[in-house]
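Enquirer: Heads up: the protein sequence lines correspond to chains A and B, in order.
So for the first sequence, the working numbering puts the first residue at 3; every next one is plus one.
So for the second sequence, the working numbering puts the first residue at 2; every next one is plus one.
Think of the hints as simulated: they come from the structure by calculation, not from any bench.
Check the hints yourself; a few may be wrong.
Stated by the list, open to error - Some chain B residues close to chain A (C-beta under 10 angstroms, calculated; not the full set):
| # | residue |
| --- | --- |
| 1 | S15 |
| 2 | F35 |
| 3 | S86 |
| 4 | F90 |
| 5 | S94 |
| 6 | L101 |
| 7 | G104 |
As the list claims (entries may be wrong) - DSS-like cross-link-like pairs, simulated, lysine-lysine; straight-line CA separation at most 30 angstroms:
| # | chain 1 | residue 1 | chain 2 | residue 2 |
| --- | --- | --- | --- | --- |
| 8 | B | K61 | A | K11 |
| 9 | A | K11 | B | K50 |
| 10 | B | K78 | B | K96 |
| 11 | B | K50 | B | K69 |
| 12 | B | K50 | B | K96 |
| 13 | B | K96 | B | K57 |
This structure is a prediction, so every number in the text was calculated from the model and none was measured.
The beta carbon of each residue, even a glycine, is placed where N, CA and C say it ideally should be.
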Amino acid sequence: NAGVTQTPKFQVLKTGQSMTLQCAQDMNHEYMSWYRQDPGMGLRLIHYSVGAGITDQGEVPNGYNVSRSTTEDFPLRLLSAAPSQTSVYFCASSVNRGPGELFFGEGSRLTVL
Amino acid sequence: GDSVTQMEGPVTLSEEAFLTINCTYTATGYPSLFWYVQYPGEGLQLLLKATKADDKGSNKGFEATYRKETTSFHLEKGSVQVSDSAVYFCALSDKGAQKLVFGQGTRLTINP
Numbered sequence: 003n004a005g006v007t008q009t010p011k012f013q014v015l016k017t018g019q020s021m022t023l024q025c026a027q028d029m030n031h032e033y034m035s036w037y038r039q040d041p042g043m044g045l046r047l048i049h050y051s052v053g054a055g056i057t058d059q060g061e062v063p064n065g066y067n068v069s070r071s072t073t074e075d076f077p078l079r080l081l082s083a084a085p086s087q088t089s090v091y092f093c094a095s096s097v098n099r100g101p102g103e104l105f106f107g108e109g110s111r112l113t114v115l
Numbered sequence: 002g003d004s005v006t007q008m009e010g011p012v013t014l015s016e017e018a019f020l021t022i023n024c025t026y027t028a029t030g031y032p033s034l035f036w037y038v039q040y041p042g043e044g045l046q047l048l049l050k051a052t053k054a055d056d057k058g059s060n061k062g063f064e065a066t067y068r069k070e071t072t073s074f075h076l077e078k079g080s081v082q083v084s085d086s087a088v089y090f091c092a093l094s095d096k097g098a099q100k101l102v103f104g105q106g107t108r109l110t111i112n113p
């Protein structure tokens, strides 16, 4: 049982480049979300989705886009990377249409030079 | 808005010591409360939860009681092991909200 799968695990970008972090879950969860983890700041919500075709902004959405065309996939797009986006990114899903108990991926460490 | 405050880390203990990690919260409604644990190189995983006042969540020897009067959800374990070394996050989810609000995390190291 794969759970929540994130790719890539590590990525280095130059300022201004764009990229997509992939997230897939095989648990048929309706709720999916993206968090970023920074030292001393816990996890902060970037975007979330309560079902296919529905997305909304979280606490720190600027510089990121998401889409939810299927139940399984929830990619996070960085449009023009900035050093402030250097972080560890976690995708998480939940069976209900609310966060409840979240199941996390293993994380994607992004460095923007 | 909603917020969670955890005790500052890092916390270092010897094996078999008693553990307490403090967590207090601010919420407008009646939230559900969670403790998540993050082992090195891994994502977070749910450790325990409580959904209403006076509920006690427990798992793997860890316990936490939802105290509405003190707005607290402190994590405790009677005898820690080296394998408990990890980062622990307290979190809340207010009813109707679409997100979990996390504390800053507390790094715990257990020495043999």
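Enquirer: With reference to the structure, classify each hint as holding or not holding.
Expert: Comparing the hints with the structure gives:
Taking 10 angstroms as the C-beta cut-off, the interface hint given for S15 of chain B is violated, the closest approach to chain A being about 26 angstroms. With a least beta-carbon distance of about 8 angstroms to chain A, the hint placing F35 of chain B at the interface is held under the 10 angstroms criterion. Taking 10 angstroms as the C-beta contact cut-off toward chain A, the hint placing S86 of chain B at the interface is violated, the least distance being around 18 angstroms. The interface hint given for F90 of chain B holds, since its Cβ lies 6 angstroms from the closest Cβ of chain A, which is under the 10 angstroms cut-off.
For S94 of chain B, the interface hint holds, since its Cβ comes within 10 angstroms of a Cβ in chain A; the closest pair sits about 5 angstroms apart. Against a cut-off of 10 angstroms between C-beta atoms, the interface hint on L101 of chain B holds, since the closest Cβ of chain A lies about 5 angstroms away. Taking 10 angstroms as the C-beta cut-off, the interface hint given for G104 of chain B holds, the closest approach to chain A being about 5 angstroms. Restraint check for K61 of chain B and K11 of chain A: the C-alpha separation of about 29 angstroms stays at or below 30 angstroms, so the hint holds.
With a C-alpha separation of about 29 angstroms, the suggested pairing of K11 of chain A with K50 of chain B holds against the 30 angstroms cut-off. Simply put, K78 of chain B and K96 of chain B have alpha-carbon atoms about 28 angstroms apart, close enough for the 30 angstroms limit, and the pair holds. Simply put, K50 of chain B and K69 of chain B have alpha-carbon atoms about 14 angstroms apart, close enough for the 30 angstroms limit, and the pair holds. The straight-line distance between the Cα atoms of K50 of chain B and K96 of chain B is roughly 14 angstroms, inside the 30 angstroms bound, and the hint therefore holds.
Distance hint between K96 of chain B and K57 of chain B is fulfilled; the C-alpha atoms sit about 19 angstroms from each other, no more than 30 angstroms.
Of the numbered hints stated above, those contradicted by the structure are hints 1 and 3, listed in ascending order.
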